[in-house]
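Position 29 of the sequence shown, counting from 1, maps to 28 under numbering that gives the first Met the number 0, and the rest follow consecutively.
Treat each hint with caution, since some may be false.
Said to hold, decoys possible - Pairwise CB distance ranges (calculated):
id	residue 1	residue 2	range
1	R174	D79	26 to 36 Å
2	Q70	Q142	12 to 22 Å
3	G203	D175	35 to 45 Å
4	G156	E24	37 to 47 Å
5	I155	E24	33 to 43 Å
6	H30	R174	38 to 48 Å
Everything labelled a hint here was simulated from the structure, so no lab data went into it.
Built from N, CA and C at the ideal position, the CB exists for glycine as well.
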Amino acid sequence: MSHTHAQSSDARTQAIVRELGTIHERAAKDHQVGEPGLYSRIMVIVDDEIPAEGDAERCYLTPVAAPRSGQGYYTLTAADGAPCPEDVSPDEARLSQQDSEVATLLEAYDWISDQGLSVATESIQVILISNIGPCTGCKARLQIFYADLVAKASEIGKKVSITVASVYNTAEASRDRTRGDKIGTTYGYPDAVKTPYSFSGQQGAYWLFRLPGLK
(Lines of atoms letter the chains of each structure in order from A; the text may use other names.)
(Lines give C-alpha, C1' and ligand atoms only; values in the text may rest on other atoms or scores of the structure.)
Protein backbone atom coordinates (compact mmCIF):
# COMPACT_ATOMS: atom_id res chain seq x y z
CA MET A 0 0.00 0.00 0.00
CA SER A 1 1.31 3.43 -0.88
CA HIS A 2 1.78 6.00 1.86
CA THR A 3 1.90 8.93 -0.54
CA HIS A 4 -0.37 11.92 -0.28
CA ALA A 5 -0.99 15.06 -2.25
CA GLN A 6 1.45 17.85 -1.56
CA SER A 7 0.66 20.94 0.43
CA SER A 8 3.34 23.28 1.72
CA ASP A 9 2.77 21.88 5.22
CA ALA A 10 2.91 18.28 4.04
CA ARG A 11 6.14 18.86 2.14
CA THR A 12 7.71 20.65 5.11
CA GLN A 13 6.74 17.80 7.44
CA ALA A 14 8.23 15.26 5.04
CA ILE A 15 11.49 17.23 4.81
CA VAL A 16 11.74 17.50 8.60
CA ARG A 17 10.99 13.79 8.92
CA GLU A 18 13.81 12.89 6.54
CA LEU A 19 16.25 15.30 8.17
CA GLY A 20 15.53 13.42 11.40
CA THR A 21 16.11 10.07 9.69
CA ILE A 22 19.45 11.22 8.31
CA HIS A 23 20.65 12.62 11.64
CA GLU A 24 19.64 9.40 13.41
CA ARG A 25 21.65 7.36 10.93
CA ALA A 26 24.64 9.68 11.27
CA ALA A 27 24.51 9.52 15.08
CA LYS A 28 24.25 5.73 15.01
CA ASP A 29 27.24 5.33 12.72
CA HIS A 30 29.38 7.97 14.45
CA GLN A 31 28.99 7.75 18.19
CA VAL A 32 32.35 9.45 18.66
CA GLY A 33 33.38 12.57 16.78
CA GLU A 34 31.59 14.62 14.16
CA PRO A 35 29.71 12.57 11.55
CA GLY A 36 30.31 12.98 7.86
CA LEU A 37 27.73 13.97 5.28
CA TYR A 38 24.74 11.64 4.89
CA SER A 39 22.15 12.23 2.20
CA ARG A 40 19.04 10.99 0.47
CA ILE A 41 16.78 12.38 -2.26
CA MET A 42 13.04 12.87 -2.11
CA VAL A 43 11.39 12.75 -5.54
CA ILE A 44 7.92 14.33 -5.52
CA VAL A 45 5.99 13.51 -8.71
CA ASP A 46 2.82 15.44 -9.54
CA ASP A 47 2.66 16.62 -5.91
CA GLU A 48 2.73 13.09 -4.46
CA ILE A 49 5.12 12.97 -1.52
CA PRO A 50 6.89 9.65 -0.89
CA ALA A 51 7.29 7.70 2.32
CA GLU A 52 9.72 4.86 2.94
CA GLY A 53 9.23 2.08 0.41
CA ASP A 54 7.32 4.08 -2.20
CA ALA A 55 8.64 3.53 -5.71
CA GLU A 56 5.65 3.43 -8.05
CA ARG A 57 4.74 7.10 -8.46
CA CYS A 58 7.27 8.89 -6.23
CA TYR A 59 10.49 7.89 -4.54
CA LEU A 60 12.87 8.17 -1.58
CA THR A 61 16.41 7.01 -2.26
CA PRO A 62 18.12 4.99 0.47
CA VAL A 63 20.17 7.03 2.95
CA ALA A 64 23.71 7.12 1.58
CA ALA A 65 26.67 7.23 3.95
CA PRO A 66 30.03 8.96 3.51
CA ARG A 67 32.49 7.13 1.25
CA SER A 68 29.68 5.29 -0.56
CA GLY A 69 29.87 7.25 -3.81
CA GLN A 70 30.94 5.64 -7.08
CA GLY A 71 30.02 5.66 -10.73
CA TYR A 72 28.85 8.35 -13.14
CA TYR A 73 28.84 11.42 -10.87
CA THR A 74 32.32 11.00 -9.36
CA LEU A 75 33.67 13.58 -11.88
CA THR A 76 36.77 11.37 -12.12
CA ALA A 77 35.48 8.39 -14.14
CA ALA A 78 36.57 8.25 -17.79
CA ASP A 79 33.03 7.25 -18.83
CA GLY A 80 31.27 9.52 -16.33
CA ALA A 81 30.22 13.15 -16.08
CA PRO A 82 33.09 15.49 -17.05
CA CYS A 83 34.61 17.64 -14.33
CA PRO A 84 33.58 21.32 -14.73
CA GLU A 85 36.28 23.95 -15.05
CA ASP A 86 35.32 25.57 -11.74
CA VAL A 87 36.01 22.34 -9.80
CA SER A 88 39.68 21.49 -9.40
CA PRO A 89 40.85 17.92 -10.12
CA ASP A 90 41.94 17.70 -6.46
CA GLU A 91 38.47 18.72 -5.23
CA ALA A 92 36.85 16.18 -7.56
CA ARG A 93 39.18 13.44 -6.39
CA LEU A 94 38.73 14.18 -2.69
CA SER A 95 34.93 14.25 -2.97
CA GLN A 96 34.43 11.42 -5.47
CA GLN A 97 33.17 9.02 -2.79
CA ASP A 98 30.85 11.52 -1.07
CA SER A 99 27.35 10.27 -0.31
CA GLU A 100 25.73 12.60 -2.84
CA VAL A 101 27.53 10.78 -5.66
CA ALA A 102 25.59 7.61 -4.81
CA THR A 103 22.36 9.47 -4.06
CA LEU A 104 22.30 11.38 -7.34
CA LEU A 105 22.86 8.25 -9.41
CA GLU A 106 20.13 6.37 -7.54
CA ALA A 107 17.69 9.23 -8.09
CA TYR A 108 18.60 9.65 -11.75
CA ASP A 109 18.08 5.96 -12.44
CA TRP A 110 14.61 5.96 -10.86
CA ILE A 111 13.51 9.17 -12.54
CA SER A 112 14.74 8.12 -15.97
CA ASP A 113 13.31 4.60 -15.66
CA GLN A 114 10.05 5.35 -13.83
CA GLY A 115 9.50 8.94 -12.76
CA LEU A 116 9.40 10.53 -16.19
CA SER A 117 7.02 7.87 -17.47
CA VAL A 118 4.43 8.46 -14.71
CA ALA A 119 4.78 12.24 -14.34
CA THR A 120 2.17 14.38 -16.07
CA GLU A 121 2.95 17.82 -14.64
CA SER A 122 5.98 18.07 -12.38
CA ILE A 123 8.97 16.41 -10.76
CA GLN A 124 10.47 18.01 -7.66
CA VAL A 125 13.86 16.68 -6.56
CA ILE A 126 15.01 17.56 -3.03
CA LEU A 127 18.50 16.57 -1.88
CA ILE A 128 18.28 16.26 1.92
CA SER A 129 21.46 16.05 4.01
CA ASN A 130 22.77 16.76 7.49
CA ILE A 131 25.43 19.10 6.05
CA GLY A 132 25.24 21.26 2.93
CA PRO A 133 26.98 19.84 -0.17
CA CYS A 134 30.64 20.68 -0.76
CA THR A 135 31.88 22.58 -3.80
CA GLY A 136 32.31 19.41 -5.82
CA CYS A 137 28.87 18.05 -4.94
CA LYS A 138 27.16 21.36 -5.71
CA ALA A 139 28.63 21.00 -9.21
CA ARG A 140 27.41 17.39 -9.33
CA LEU A 141 23.90 18.49 -8.38
CA GLN A 142 23.92 21.03 -11.21
CA ILE A 143 25.08 18.38 -13.70
CA PHE A 144 22.38 16.00 -12.43
CA TYR A 145 19.75 18.70 -12.98
CA ALA A 146 20.94 19.26 -16.54
CA ASP A 147 20.92 15.50 -17.13
CA LEU A 148 17.27 15.26 -16.01
CA VAL A 149 16.20 18.13 -18.27
CA ALA A 150 18.10 16.58 -21.18
CA LYS A 151 16.52 13.17 -20.59
CA ALA A 152 13.02 14.67 -20.48
CA SER A 153 13.70 16.50 -23.74
CA GLU A 154 15.14 13.38 -25.35
CA ILE A 155 11.94 11.39 -24.74
CA GLY A 156 9.64 14.34 -25.48
CA LYS A 157 8.34 14.67 -21.91
CA LYS A 158 7.13 18.17 -21.10
CA VAL A 159 7.00 18.40 -17.31
CA SER A 160 8.34 20.97 -14.87
CA ILE A 161 11.55 19.78 -13.20
CA THR A 162 12.96 21.54 -10.15
CA VAL A 163 15.94 20.65 -7.96
CA ALA A 164 16.68 21.88 -4.43
CA SER A 165 19.09 21.24 -1.58
CA VAL A 166 17.95 21.11 2.06
CA TYR A 167 20.13 20.78 5.18
CA ASN A 168 20.09 22.06 8.76
CA THR A 169 23.51 23.16 9.94
CA ALA A 170 23.82 26.28 12.09
CA GLU A 171 25.03 28.41 9.17
CA ALA A 172 24.01 28.44 5.52
CA SER A 173 27.59 27.74 4.43
CA ARG A 174 30.99 27.17 5.89
CA ASP A 175 34.49 27.01 4.43
CA ARG A 176 36.61 23.99 5.26
CA THR A 177 39.86 22.36 4.20
CA ARG A 178 39.91 18.80 2.90
CA GLY A 179 42.86 16.50 2.37
CA ASP A 180 46.09 18.27 1.50
CA LYS A 181 44.88 21.83 2.08
CA ILE A 182 42.18 21.71 -0.58
CA GLY A 183 39.58 24.37 0.21
CA THR A 184 35.87 23.71 -0.19
CA THR A 185 32.60 25.36 0.83
CA TYR A 186 29.82 23.28 2.36
CA GLY A 187 26.32 24.60 1.72
CA TYR A 188 25.02 27.56 -0.25
CA PRO A 189 25.69 31.13 0.97
CA ASP A 190 22.38 32.20 -0.66
CA ALA A 191 20.28 29.44 0.93
CA VAL A 192 17.04 30.61 2.54
CA LYS A 193 16.42 29.89 6.21
CA THR A 194 13.06 28.15 6.37
CA PRO A 195 11.39 27.95 9.79
CA TYR A 196 8.80 25.31 10.65
CA SER A 197 6.39 24.65 13.50
CA PHE A 198 4.00 21.71 13.68
CA SER A 199 2.99 18.97 16.13
CA GLY A 200 5.15 20.44 18.87
CA GLN A 201 8.23 20.57 16.66
CA GLN A 202 9.95 23.86 15.96
CA GLY A 203 13.11 24.62 14.08
CA ALA A 204 14.48 25.71 10.73
CA TYR A 205 16.39 24.33 7.79
CA TRP A 206 18.27 25.85 4.87
CA LEU A 207 16.71 25.63 1.41
CA PHE A 208 18.43 26.40 -1.87
CA ARG A 209 16.58 26.03 -5.16
CA LEU A 210 18.80 25.63 -8.19
CA PRO A 211 18.05 28.20 -10.89
CA GLY A 212 15.69 26.83 -13.52
CA LEU A 213 17.04 25.31 -16.71
CA LYS A 214 15.50 25.48 -20.17
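Structure-based check of each hint:
With their beta carbons about 33 Å apart, R174 and D79 fall inside the hinted range of 26 to 36 Å. Hint check: Q70 to Q142, Cβ distance near 20 Å, so the stated range 12 to 22 Å holds. Between G203 and D175, the C-beta spacing of about 24 Å breaks the proposed range 35 to 45 Å. Between G156 and E24 the CB atoms are about 41 Å apart, so this pair conforms to the stated range of 37 to 47 Å.
I155 and E24 have their C-beta atoms about 38 Å apart, which keeps the hinted 33 to 43 Å range intact. Restraint check, H30 to R174: a C-beta distance of roughly 18 Å breaks the suggested window 38 to 48 Å.
Of the hints listed earlier, those the structure fails to meet are numbers 3 and 6, in rising order.
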